[in-house]
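Note that the protein sequences, when read in sequence, are chains A, B and C.
According to the numbering used here, the first sequence is numbered sequentially starting from 1.
According to the numbering used here, the second sequence is numbered sequentially starting from 1.
According to the numbering used here, the third sequence is numbered sequentially starting from 1.
Calculated directly from the structure, the hints in this document are not laboratory data.
A few chain C positions that, by computed beta-carbon distances, are all more than 10 Å from chain A:
no., residue
1, Ala20
2, Arg21
3, Leu25
4, Gly39
5, Tyr46
6, Phe50
7, Ala51
8, Ala83
9, Leu116
10, Val117
11, Val132
12, Leu218
13, Phe222
14, Val241
15, Ala250
Simulated coverage check for chain A against chain C, where a stretch passes if three residues somewhere in it have a Cβ under 8 Å from a Cβ of chain C:
no., segment
16, 142-154
17, 161-174
18, 208-219
In this text, all values refer to a predicted model and were calculated from it rather than measured experimentally.
Backbone N, C-alpha and C fix where the C-beta goes; we use that ideal spot for every residue, glycine too.
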Amino acid sequence: MSRAFIALLVRDLRLAARIGGGGGMAVFFFLVVVAAVPLGIGPAPDLLARIAPGMLWVALLLSSLLTLDRLFQADHEDGSLDLLTMGRLPLELVVVAKAVGHFLTTGLPLVVAAPLLGLMLNLEVAAFPALMLAMLVGAPALSFLGVIGAGLTVGIRRGGLLASLLVLPFYIPVLIFGVGAARAALAGFPDGVAAQSLALLAAVTLASLVIGPVAAAAALRANLR
Amino acid sequence: MAEFFQMGGYAAYVWPVYALGILVPLALAVQSLADYRRQARLADALERDAGGRVRRAARHPDMESAP
Amino acid sequence: MSPMTRPSASQRLQAFANPARFMTLSGRLLAPLWLVSLGFLVVGLYFALFASPPDYQQGETVRIMYVHVPSAWLAMFGYSVMAMASAVALIFRHPLADLCAKSAAPIGAAFTFLALVTGALWGKPMWGAWWVWDARLTSVLILFFLYLGYMALWTAIEEPTRAARAAAVLALVGAINVPIIRYSVVWWNTLHQPASVFRMDGPTIAPEMLLPLALMALGFTFLFVTLLLVRMRAEILRHRVRQLRLALAASGAEG
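Construct all of the structure, not just a fragment, from the sequences and the given hints.
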């Protein structure tokens, strides 16, 4: 069973690497969104530094949403999703493999790219470790909640937009605690907020590890009958 | 009376609230009832048009699954 | 529709024991329910507008509360109805539960919208701004998004059984998430505590304000139940129409 799981994961990673270099596209989108911010609100360094953690998190959310619709859609179109639902690997684990693949190809590259964009937004270097740690803890939740939206909208024409609509409210706690952890490293928040928000973020991620696969599998079963 | 309508200077806020508080549920009620009537008319028309032929077919097990 | 056709439509639903019984039972309940809801609302409006004193602090704007608070309560009540019906639908496969969840959504969304707009109209004189990112308004806004997503999913999936199951999953995930979202928003709000904000929940409510509030809340709640029944009845008929059309197409293809 674990061999089937790993085979599925490796297949997804290979496919992602073949189309658009895996995380490459998501990182590029991340960069473009962040680059648009100074153009929109002006280049004042202190203003950019203040909103940098929030901007990076919002860009992470958007990049993660952008890649959701291909999660099951491609497999649904070529019929391999039907095979996966009938295989011996429980559908919940199929979803876990998909979510892990999504995290490795979008979440992780963006976490690595975040410091570079932080520099461009004039974010204090002292805040980088906290920002990256928070993103590393929170990004899996984005993938594991995202699969719910992808599973619910599989087989719907232009389901990507609907999936984003369904999933965004669920992303709000991740955004709030993630930004809280990053901003607490900067001045202005009371002591202990950084640790507290990181702990809450971890709790949300752990909950999403359970809720995501169960709900997404149920959604897929509903949609593929 | 005029004093009542002025709502202590807050007329611009209090009256829209009550207007919306009546209009929104009213619109919802009108829409719900109109939809019910439409569906009832459709169901009756379909049954009359199709007659027994359809009623027999409608009892086919495939069609039994509830929504 | 004339009163004569009503029993005919419901009688022919005999093949579906539960929906048929629901149609007769709800048909009998509807008239009293309309009366009770309208009664509470009329008396409630009288007390809200005429027979209650202005607040010593908020003045006449306190009357906004008699519409705003019941709407906010129904916004949450509607989502609970939707989530519970979805749970029943998924666990027991009860055919009426899906219809109940589907019918509750637009009503809940309408009251959520009402709560948001009246909140803004209350916020302007109280806070000096139409919209304040306070924890309560923000969580009601997110609740509104959840309602819209739920309804969008229903319309996006054409086949009713598929749509019902998918929507039920979404409603349940939403129900699990609502407390988490609510907690995170409150946490976020305490972090960014605005300097001087008028606290809506400062003084305890005087008894003379409690009466119109309770009457309006009861009126809105009864109205919710009434509209829920009307919409569920419409959904049953919609299902019937769909079946008749399918049967007509099938018999047309046969001969």
